[in-house]
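Asks: Protein chains in written order, with this note's numbering: chain A, 12 to 462; chain B, 154 to 642.
Because the hints were derived from the structure by calculation, they are not lab data. Honestly, I wouldn't trust all of these hints.
[Stated by the list, open to error] With beta-carbon atoms standing in for the labels, derived distance ranges:
#1 TYR309/A <-> ASP618/B: 55 to 65 Å
#2 ARG160/B <-> LYS136/A: 26 to 36 Å
#3 TRP301/A <-> ALA532/B: 38 to 48 Å
[Said to hold, decoys possible] Some but not every residue of chain B turned toward chain A, in silico, with C-beta under 8 Å:
#4 MET154
#5 ASN155
#6 ILE158
#7 ASN188
#8 ARG195
By construction, the Cβ of each residue, glycine as well, lies at the ideal position given by its N, Cα and C atoms.
Listed here are the chains, written in short residue letters.
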Amino acid sequence: MAARAARRPRLAPAAPRRNTELGLLVMVVLITAGAYVLASLGQDANMPPNIGPFLLVLLALLLLANLVTRRVVPDADPMLLPLAGLLNGLGYVLITRLDERLAGKQSAWSAIGIGAFIVTLVVVKRARDLAAYRYLWMLAGLGLLVLPMLPAIGVERGGSRIWVKAGPIEFQPGEFAKVALALFFAGYLLDKRELLAMRTRRLGPVMIPDPKHFAPILLAWGASLLVMIRQRDLGSSLLFFTLFLVMLWVATERPSYLVIGTGLFAGGATFAYRAFDHVQKRVDIWRDPWQDPLGDSYQIVQAAFAMADGGIAGTGLGSSGRIDFPAKESDFIFAFLAQDLGLVGATAIIVAFALIVGAGLRIAVRSEHTFDKLLATGLTALVGFQAFIIVAGVTRLLPLTGITLPFVSYGGSSLVANYVIIALLLRISHEASQPVVRGGRATVVAERVPA
Amino acid sequence: MNRQIRRLGVAILVCYLALFLQLNRIQVLDAADLNNNPYNSRRAQREYNRPRGQILTSDGAVLARSEPFDGEFFTRRRVYPENQLFAHITGFFSFNYGLTGVERQYDEDLSGQSFSVQVNSLQDILIANRENVGNVTLTLRKDLQAAARDALGNQQGSVVLLDPRTGEILALWSWPSFDPNLLSSADRKEAQTAWALANLAEGKPLLAHAYRERYFPGSTFKLVTAGIGLQTGKVTRDNPVYDQRQSYLPPQTTKAIANFGGETCGGTLFQVLAVSCNSAFAEMGQSTIGAVDMVAGARSFGFEQDVPIDLPDAARSTFPGDLVDTPNPPKLAQASIGQNDVAATPLQIALVSAAVANHGRIMKPHVLREVRTSEGKVARTYTPEQWLAPLSEEHAATLHDAMLGVVENGTAFGLGIPGYEIGAKTGTAQLGNGLVHTWMTGFAGPPGDPQLAFAVVVLNQRVADDATGGKVAGPIARRVLQTALPLKR
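If we strip away everything but chain A, and leave its shape as in the complex, we get:
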């Protein structure tokens, strides 16, 4: 390890990766501004009056973010921030054309999101320091999940009780809970992964690890699932389950966890289908949306119409009709994206997520520290699978489970949480690019690179 580290030179202080990032960010601003102008032209043949301020604010925010990354994480991956900015920008343009009233809020949330990104980078000096607070993360995660259940502040909307209202601000604590739980899983698995990888107990024909080590994580996962099923937030349940499974598997390197987990999922899903009307309804709509195209299946059918309308090349930004349906700017935004930009644009968005996943997992692979590895994997899996779950739902590849499309959908909590994820990934990326100091604090955490 030392030999490898010695051969890796400290990157030049000029931080060429930040210059790359800056160039990409400028491109993002240009693309977003272009899309914004086109969408406005498509709607009423007028240049948007506020294009100047809009451009300046967007540019200023991203430049500020670049300045901060220059100072605190100069060697971090140059792709992640521009990709997040691109998705955020295109999402903003789409939201503006779908519902102008949301535009102001979304731009404010974007600013807050980038603010959270900066704060995270500044406050978190070293990602693996976060491992120390693992049980705090667990409590925070579970607490956030329970929050909407509280009578005074919880808000129910569209059958789901996942919002919290505090004064004028409404937010979805679940979006933050997922980050907290990823931190907890990474911290916990850092300690217990070897124990969990050992099979000490026999349960029938299979060997299982000591339940003593297994219990906390199972508890956290079970509790979160239960809460979310109570709140009818199926998308988050599925995402948490996936996160849990993926992190367990990567940490222990035991494929049996995947097998057992999938089995558990099948059992749980069957139970949920039998026990909950709303789950059953989702599956029925997925199987045959034409049973009730004007009622229960209205959204999914309209989404299919929108995407089909877009065809290969799209109808053009802002040129589509104004068909209204619930959650069009949040869960269903991908359908409108596919309508306006066509298969070409929709594929580009999927590729953008693939690039984020690629960058995130590359960071995980390059990290020398297990906690960093696990956290980077978990956070990347969160973004990657969240995008998959909602796009698969909208395109009827899977039953629809409402969840936001990271960076693109309308919604402050989602934006802020995802920008925090990007900040943490950049922090880990920067550290992975540093030479390892022997005998420094790095060795305090038990570190073992698997053979």
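The hints should help you fit chain B onto chain A, whose structure is shown.
Replies: For chain B alone, kept in the frame of chain A given last:
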């Protein structure tokens, strides 16, 4: 752990690949099905919001245009500045009720699809505001259409005025009409109300009666019978000479066909046409000509055929073809004077006169003059074409002269306008309930140059008021001709 992380990466990529395939299914493979799904109003809505060209008359009046609109669903609306006047020609452009008339017939030109060859969508992103629409200029004139409307007044009926040399329709009016603005309203509630009211209203205002409704043609059909007689050589100027009588009794019946007002009439073609002699024409069709030639002849004039007019859903005029296989002399005799199962659109009757005026040839009737691009360039022009040739030049000339006689000293006396040559034929179709449809059809123009053919029908006139084609429809035709004839054409 790195192996697992890489596998995770592969797994997520596989998931995304599945998304890509699913997107291909929706946006490419199944796209056509989804776009045509009856629950899908998306395309219609976008079509509705697209820029759309104007419809204009040949004398420059705007009949339909699109203007920006800030509605709940729509960003444009279609406006018809002439309200009811051209409703049956332009039709309407309604989100709820679709397209009719010129809006439907020339939709591709109006929406700019016909000659821009579907600008592909990638370019549309760059040129988001597509203004390459076609403006459609019609052969109709606003002054003549208004003259037809004013002349008919609030009586139910139709006026057709066309150029027999080209088939250009100059006026095509029927009352009751409707206001297409209401049906094309961007306010869907308003459109629904207008639709419901129009469907309840008396006289079917939504129907373009002039070319989509059939009526008993009555004595105007005698032109067809006479034409067939001449063309088959069975009737000439001088032969046969029909007996002077009050009625004609066909074989196999006791029900005689009486002359109008119980008068006695007979004689040669010119004589019997001038006074519209029922007994003579019943005998001519039933006995002189016979079923086979009558059926084929009616067809040669356009009966039992689809009219190649450039407006949607034109009605076929009818003549009982079963007379060939199941001989029925009484029915044939009645059909020969435009009764029984004979029914014709006002347009068809005008085309019969047009054949006489245009040397025996019927040109395809049309309303399109030309399509121009937004920049004013002519994209295409309607080229007149012949549809039918029921008469030879010689026999057309004979019938032409016979029709002049009807105006000079026959039932259309009073239609004449000094300085012009006008030939005509009246019709008074008995409905059997004390009501008649009164007709007037003919041609007009400077001597030797019949430039206009026309048909006027006024519906449901009371026999008790002594209503006849000459008395009721004649003055209406004359008023329209007075406006039309002086125009330099």
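Asks: All the hints need checking, so say for each whether the structure fits it.
Replies: Against the structure, the hints:
About 60 Å separates the C-beta atoms of TYR309/A and ASP618/B, a value consistent with the hinted range of 55 to 65 Å. Our hint of 26 to 36 Å for ARG160/B and LYS136/A holds, since their Cβ atoms are close to 32 Å apart. Checking the proposed 38 to 48 Å range against TRP301/A and ALA532/B shows it holds: the Cβ atoms sit about 42 Å from each other. With a cut of 8 Å, the hint placing MET154/B at the interface with chain A holds, because the nearest CB-to-CB distance is about 5 Å.
For ASN155/B, the suggested interface contact is upheld, since its CB lies about 5 Å from the closest CB of chain A, less than 8 Å. The beta carbon of ILE158/B comes within 5 Å of a beta carbon in chain A, closer than 8 Å, and the hint placing it at the interface holds. Given the 8 Å rule on beta carbons, the hint for ASN188/B holds: about 5 Å separates it from the nearest Cβ of chain A. A distance limit of 8 Å between C-beta atoms decides the matter here; for ARG195/B the minimum to chain A is near 5 Å, and the interface restraint holds.
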